[in-house]
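Colleague: Could you build all of it, start to finish, from the sequences and the hints given here?
Single-letter residue listing:
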Amino acid sequence: MLRIRSLPVWLIAFVSFTSLAAAQEKVSDQAPGGDFSLTDHDGKRFKLSDHRGKVILLFFGYTSCTEACPIILGRINSVFKQLGGGADKALAVFVSVDPQRDTTQVLREYVHHFSANTVALTGTKEEIDEVVKQYGARYEIEKSSSALGYHINHTTDIYLIDRQGALQGRFKHTDRAELIAAGVKRL
Amino acid sequence: MPLIVKGSQPAAPAQAPQPRKKVAILIFDNVQIIDYTGPYEVFGAAGLDVFTVATSTATITTNMGMKVTPHYALNEAPAADVLLIPGGGVVATQQDPNVIKWIQERSKQAEYVLSVCNGAYILAKTGLLDGLTATTTAPLIDPLKNFAPKVKVVRDQRYVDNGKFITTAGLSSGIDGAIYVVSKMFGVARAQLTALRLEYDWKGDSKYARANLADRQLVNALGPGVLLPAPQGSKSELLSTEGTADYWEMKWQVVGDSSPADALKLLNETLAAGKWIEEGRPGPGAIRSAWKFKDQEGRDWSGTSAAQPAGSKIVLVNLKVERIGAVSAKHASVPESGAEKFAVRDAWIQEMPPSRRITAAHMIIENLAVTPTALIGARATIARVVELHRAEMDDKGMMRMHKLDRIELPPGKTDLTGELHLMLIDLKAQLKEGDQVTLTLEFQGGISKPVMVPVKKRQTE
Numbered sequence: 001m002l003r004i005r006s007l008p009v010w011l012i013a014f015v016s017f018t019s020l021a022a023a024q025e026k027v028s029d030q031a032p033g034g035d036f037s038l039t040d041h042d043g044k045r046f047k048l049s050d051h052r053g054k055v056i057l058l059f060f061g062y063t064s065c066t067e068a069c070p071i072i073l074g075r076i077n078s079v080f081k082q083l084g085g086g087a088d089k090a091l092a093v094f095v096s097v098d099p100q101r102d103t104t105q106v107l108r109e110y111v112h113h114f115s116a117n118t119v120a121l122t123g124t125k126e127e128i129d130e131v132v133k134q135y136g137a138r139y140e141i142e143k144s145s146s147a148l149g150y151h152i153n154h155t156t157d158i159y160l161i162d163r164q165g166a167l168q169g170r171f172k173h174t175d176r177a178e179l180i181a182a183g184v185k186r187l
Numbered sequence: 001m002p003l004i005v006k007g008s009q010p011a012a013p014a015q016a017p018q019p020r021k022k023v024a025i026l027i028f029d030n031v032q033i034i035d036y037t038g039p040y041e042v043f044g045a046a047g048l049d050v051f052t053v054a055t056s057t058a059t060i061t062t063n064m065g066m067k068v069t070p071h072y073a074l075n076e077a078p079a080a081d082v083l084l085i086p087g088g089g090v091v092a093t094q095q096d097p098n099v100i101k102w103i104q105e106r107s108k109q110a111e112y113v114l115s116v117c118n119g120a121y122i123l124a125k126t127g128l129l130d131g132l133t134a135t136t137t138a139p140l141i142d143p144l145k146n147f148a149p150k151v152k153v154v155r156d157q158r159y160v161d162n163g164k165f166i167t168t169a170g171l172s173s174g175i176d177g178a179i180y181v182v183s184k185m186f187g188v189a190r191a192q193l194t195a196l197r198l199e200y201d202w203k204g205d206s207k208y209a210r211a212n213l214a215d216r217q218l219v220n221a222l223g224p225g226v227l228l229p230a231p232q233g234s235k236s237e238l239l240s241t242e243g244t245a246d247y248w249e250m251k252w253q254v255v256g257d258s259s260p261a262d263a264l265k266l267l268n269e270t271l272a273a274g275k276w277i278e279e280g281r282p283g284p285g286a287i288r289s290a291w292k293f294k295d296q297e298g299r300d301w302s303g304t305s306a307a308q309p310a311g312s313k314i315v316l317v318n319l320k321v322e323r324i325g326a327v328s329a330k331h332a333s334v335p336e337s338g339a340e341k342f343a344v345r346d347a348w349i350q351e352m353p354p355s356r357r358i359t360a361a362h363m364i365i366e367n368l369a370v371t372p373t374a375l376i377g378a379r380a381t382i383a384r385v386v387e388l389h390r391a392e393m394d395d396k397g398m399m400r401m402h403k404l405d406r407i408e409l410p411p412g413k414t415d416l417t418g419e420l421h422l423m424l425i426d427l428k429a430q431l432k433e434g435d436q437v438t439l440t441l442e443f444q445g446g447i448s449k450p451v452m453v454p455v456k457k458r459q460t461e
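Protein chains in written order, with our numbering: chain A, 1 to 187; chain B, 1 to 461.
No wet-lab data here; the hints were simulated from the structure. All C-beta atoms, glycine included, are put in the ideal place defined by N, C-alpha and C. Please note: incorrect hints may appear among the correct ones.
[Said to hold, decoys possible] EDC-like mimics (lysine to aspartate or glutamate), calculated; alpha carbons at most 20 Å apart, straight line: (1) B/Lys396 - A/Glu142; (2) B/Lys456 - B/Glu297; (3) B/Lys275 - B/Glu297; (4) B/Lys184 - B/Asp346; (5) B/Lys320 - B/Glu408; (6) A/Lys172 - B/Glu242; (7) B/Lys396 - A/Glu178; (8) B/Lys396 - A/Asp35; (9) A/Lys143 - B/Glu297.
[Said to hold, decoys possible] Cβ pair distances, simulated, as ranges: (10) A/Arg101 - B/Lys251: 58 to 68 Å; (11) B/Gly445 - A/Glu142: 26 to 36 Å; (12) A/Arg101 - B/Gly163: 50 to 60 Å; (13) A/Arg45 - B/Lys396: 30 to 40 Å; (14) B/Lys150 - A/Arg101: 35 to 45 Å; (15) B/Gly397 - A/Gly165: 20 to 30 Å; (16) B/Gly131 - A/Asp162: 50 to 60 Å; (17) A/Gly165 - B/Lys396: 51 to 61 Å; (18) B/Gly163 - A/Ser49: 38 to 48 Å; (19) B/Arg384 - A/Asp88: 39 to 49 Å; (20) A/Gly85 - B/Gln109: 39 to 49 Å; (21) A/Gly84 - B/Pro354: 44 to 54 Å; (22) A/Arg101 - B/Gly412: 34 to 44 Å.
Modeller: This is the structure in structure tokens:
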């Protein structure tokens, strides 16, 4: 995950540059994306299609995650900084796959702590599973001997959805903010 | 058979030698000699190029009269990797806008900025310490809190590391701070070799904090001179003063015609005036009293004052204090056996939102021994449980978490800043950027090592 840190700076720059075009990996036809409706961190209904006109960065995770999820949210924050004045034309959407622990209050605090322009969503397990399936993400709950009780293993891709709500591709959570911002700007 | 086979030459050209790192030391009239010469010696011995910088190249006079010619005037000084701000008579310097601006500008390119003693006041004046944790020389710690209200001032460390900005306590602390910077720049080995070359007994930690020693409890009660009041016609003389952060003992002799009870009476009156509460004495005229009192931080202490005759016309008086609840107060400075086999660097704990009662701690652990060992656990009073975890991306793109029973530590460095990390679970208080957490690492073989870990916000690019 953080292996990229140990690469020399010039190599990171090189990778980012050459993979700019190829970065947005096409997603499979089995996971076409599309509209969905969940509950946002203020307890209001959130419907993706209500946000047409904005580029959406969608990702899945949970707030007991101390590694991948804070990195994703921090990166989203950097993406918005890079977008500057164009930030209001994009929105980050964090879908929690841990409805048992992630209440709306917990989600509200979490996104406000780590990132701007981000809405966190929850719902019933069935509602969440449907969105996960729609976008080809995956997660599994694993019982653990940890004092946390259970871990959630999850995919960490960031999905790029255009202004008309169509899924355009996905980024890895280790991709640099410049790369993601460039993807947002092109739509 | 030819000794050199053609084609065996190295394919790549030899690596260009690394340019030597540079240290700029600010000096000024009334600068404290040891504050800048101690670190000068350390950085020089460690192989860095060191030079002094002042407002002009005119000779300056240090605070004990030594005269020094600076290498460069402010604007002519070359760029430096380390910027050192010593203390001494700093008021004129901290009020000089050219110096303040110079520090602000030069800090941008510097890898490390180190203040020694009340050089912290100059550095604080630049605003660069705002929001950071810092220390300074013992008597100026409390005034620094007023001088720089945005700085978190601590008294229990010899040097405080915020990453780039490091502040040390007073005077000789600069030597430890400089060796520590060498260890950050080049690794523990280079720091150890430097200390050996200097014949310096380097402890490799930040524990000796003058400002935190328990003698301040006696200073509070007896005044800065810690004088024993002597009965009329007698004279008192200090024989010894020693202790730790949680224990202190002072001994005096009173020479003259006074009895032990007389000698003790005056001391006891002074202590009672200093808000100590006498808990009891064996009887009237007794020459031993038990005391208790609270310190400035509200912690409870016990004390004993006693006197005894020692030959004709000499009375020995002794005064001891011990913090109640301190673990082995008298021996707090005894080193943990085996802990010196490990060095911990770049440690930080992630600030999390208030309702998240968990967080991660990251660090690099260096096993300084030649044999492999393992980290088998950790504990912190702030968390109910500390676990060893691995976050790992599997071949299906899924981020998986595992709790580990141990993390192998081969000789050399092991990176616990990402995949491997420590999890603090069920935090008893919210941790905010700027807080310091004591985390005790437990290694195979019953070795434990406490480390101070700062809480920081995660920086993501």
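Colleague: Quick check: which numbered hints come out false for this structure?
Modeller: Of the numbered hints, 2, 5, 6, 7, 8, 9, 12, 16, 17, 20 and 21 do not hold.
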